[in-house]
Amino acid sequence: MIYRWGPALNSDGSYGSWPTNPQPLVDLIAEAPQSSTCPTTPSAWTRIPSGTPKGFFVCIDPKNKMIELHLSASALDINTSKAQTTQWINPNTSSRLGGMATYEIVTQTFVRAPSDASVSVSPSTLTAGTGGNVTFTFRRAGDTSNAITLNYTPTYTPSGINSKFTGLGSSVSMAAGESSKTLVVTANNTVASGNSLTVSVTSGTGYTISGTSSATVTVP
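Per UniProt numbering: the sequence shown ends with 220, consecutive numbering throughout.
Just so you know, the hints here were simulated from the structure itself, not pulled from any lab data. Please note that the accuracy of each hint is not assured.
[Said to hold, decoys possible] Derived Cβ-Cβ restraints for the label pairs, each shown as a range:
hint, residue 1, residue 2, range
1, Pro123, Thr41, 54 to 60 Å
2, Thr166, Ser145, 30 to 36 Å
3, Pro154, Asn64, 36 to 42 Å
4, Thr46, Pro123, 44 to 50 Å
5, Pro39, Asn146, 43 to 49 Å
6, Lys65, Gly204, 20 to 26 Å
7, Thr208, Thr135, 22 to 28 Å
8, Thr137, Thr46, 34 to 40 Å
9, Ala175, Thr52, 21 to 27 Å
10, Pro123, Thr153, 34 to 40 Å
[Unchecked claim] No farther apart than 20 Å at their CA atoms in a straight line, the calculated lysine to any residue pairs in the SDA-like style are these:
hint, residue 1, residue 2
11, Lys65, Pro123
12, Lys181, Gly204
13, Lys164, Gly204
14, Lys54, Lys65
15, Lys63, Pro49
16, Lys63, Pro114
17, Lys164, Ser122
18, Lys164, Thr212
19, Lys65, Asn146
20, Lys181, Thr205
21, Lys181, Ser193
22, Lys164, Thr190
23, Lys164, Thr135
24, Lys181, Thr212
25, Lys181, Ser214
26, Lys164, Pro123
27, Lys164, Val121
28, Lys181, Pro220
29, Lys164, Thr186
30, Lys65, Ala147
31, Lys164, Pro114
32, Lys54, Leu69
The beta-carbon is built from N, C-alpha and C at its ideal position, and this holds for glycine as well.
Full structure from sequences and hints, please.
See the structure below:
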């Protein structure tokens, strides 16, 4: 049962004055399956449960972004006498006697949380005077339904050794449905002990940064 205040019910089942004469009403959740429908424009929504509901049910729009919560119920004026307890409100007809109704309770838009971006590197060390390839792997966890451009910034230690590394840019692109992207970086044979390269994920559109935001390859 859901108690609320509503317009008074007249003896013929019609609404009385409002708001000058409100009275407590009760919505009685249907005990038997009821014929309930969801919006049909601009196109048909999906009802869950798909069968005929007897209480709460939800309608989901075709894009899975809007949800309406509905209740198969009857509204009863609890101030009426026993002889009038069969007065049920049906807002879809002129007569409100004995009618079952579906009441829309709330409409809420749900927005997917942006994906969380991170980066790792393998191997994490290089040999001085030899160099070689390392692979930075960018990942996003969570929503991958949209294509994104994931931004990053390389930092060199000591500064000015960027010519020792090739293959770096400023971003990688992930297609819709893609959760990871690799970037191969080549260090030449002039890398020396104490050199390092750090790649850090930077802010952008469609993702957040709360995990491992940087990865470093060092030359011991």
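- prompt: Given the hint that Lys164 pairs with Thr186, does the C-alpha gap stay at or below 20 Å?
  reply: holds, 8 Å
* Would you mind confirming whether the straight-line C-alpha gap from Lys181 to Thr205 stays at or under 20 Å? => Holds, because 17 Å separates the two Cα atoms, which is no more than 20 Å.
Q. Is the hinted range of 34 to 40 Å satisfied by the C-beta distance from Thr137 to Thr46?
A. holds, 37 Å
Practice task
Using the Cβ atoms, figure out if Pro123 sits within 34 to 40 Å of Thr153.
Solution key: violated, 21 Å
- Is the hinted range of 44 to 50 Å satisfied by the C-beta distance from Thr46 to Pro123? Since Thr46 and Pro123 have Cβ atoms about 49 Å apart, the given range 44 to 50 Å holds.
Does Ser214 sit within 20 Å of Lys181, going by the straight-line distance between their CA atoms? holds, 15 Å
| request: Verify the proposed pairing of Lys63 with Pro114, using a straight-line Cα cut of 20 Å. | output: Satisfied, since the Cα-Cα distance of roughly 17 Å is no more than 20 Å.
Agreement of Lys181 and Gly204 with the hint, judged by alpha carbon distance not exceeding 20 Å = holds, 16 Å
Exercise. Are the Cα atoms of Lys65 and Pro123 separated by 20 Å or less?
Worked result: violated, 42 Å
| Should the hint that Thr208 and Thr135 are 22 to 28 Å apart at their CB atoms be regarded as holding? | Distance hint for Thr208, Thr135 holds at roughly 24 Å.
Holds or violated: 21 to 27 Å for the Cβ distance of Ala175 and Thr52? violated, 41 Å
Would the hint linking Lys54 and Lys65 be met if the CA-CA limit is 20 Å? violated, 25 Å
Checked against the numbered hints given earlier, this structure breaks hints 5, 9, 10, 11, 13, 14, 18, 21, 28, 31; the rest are met.
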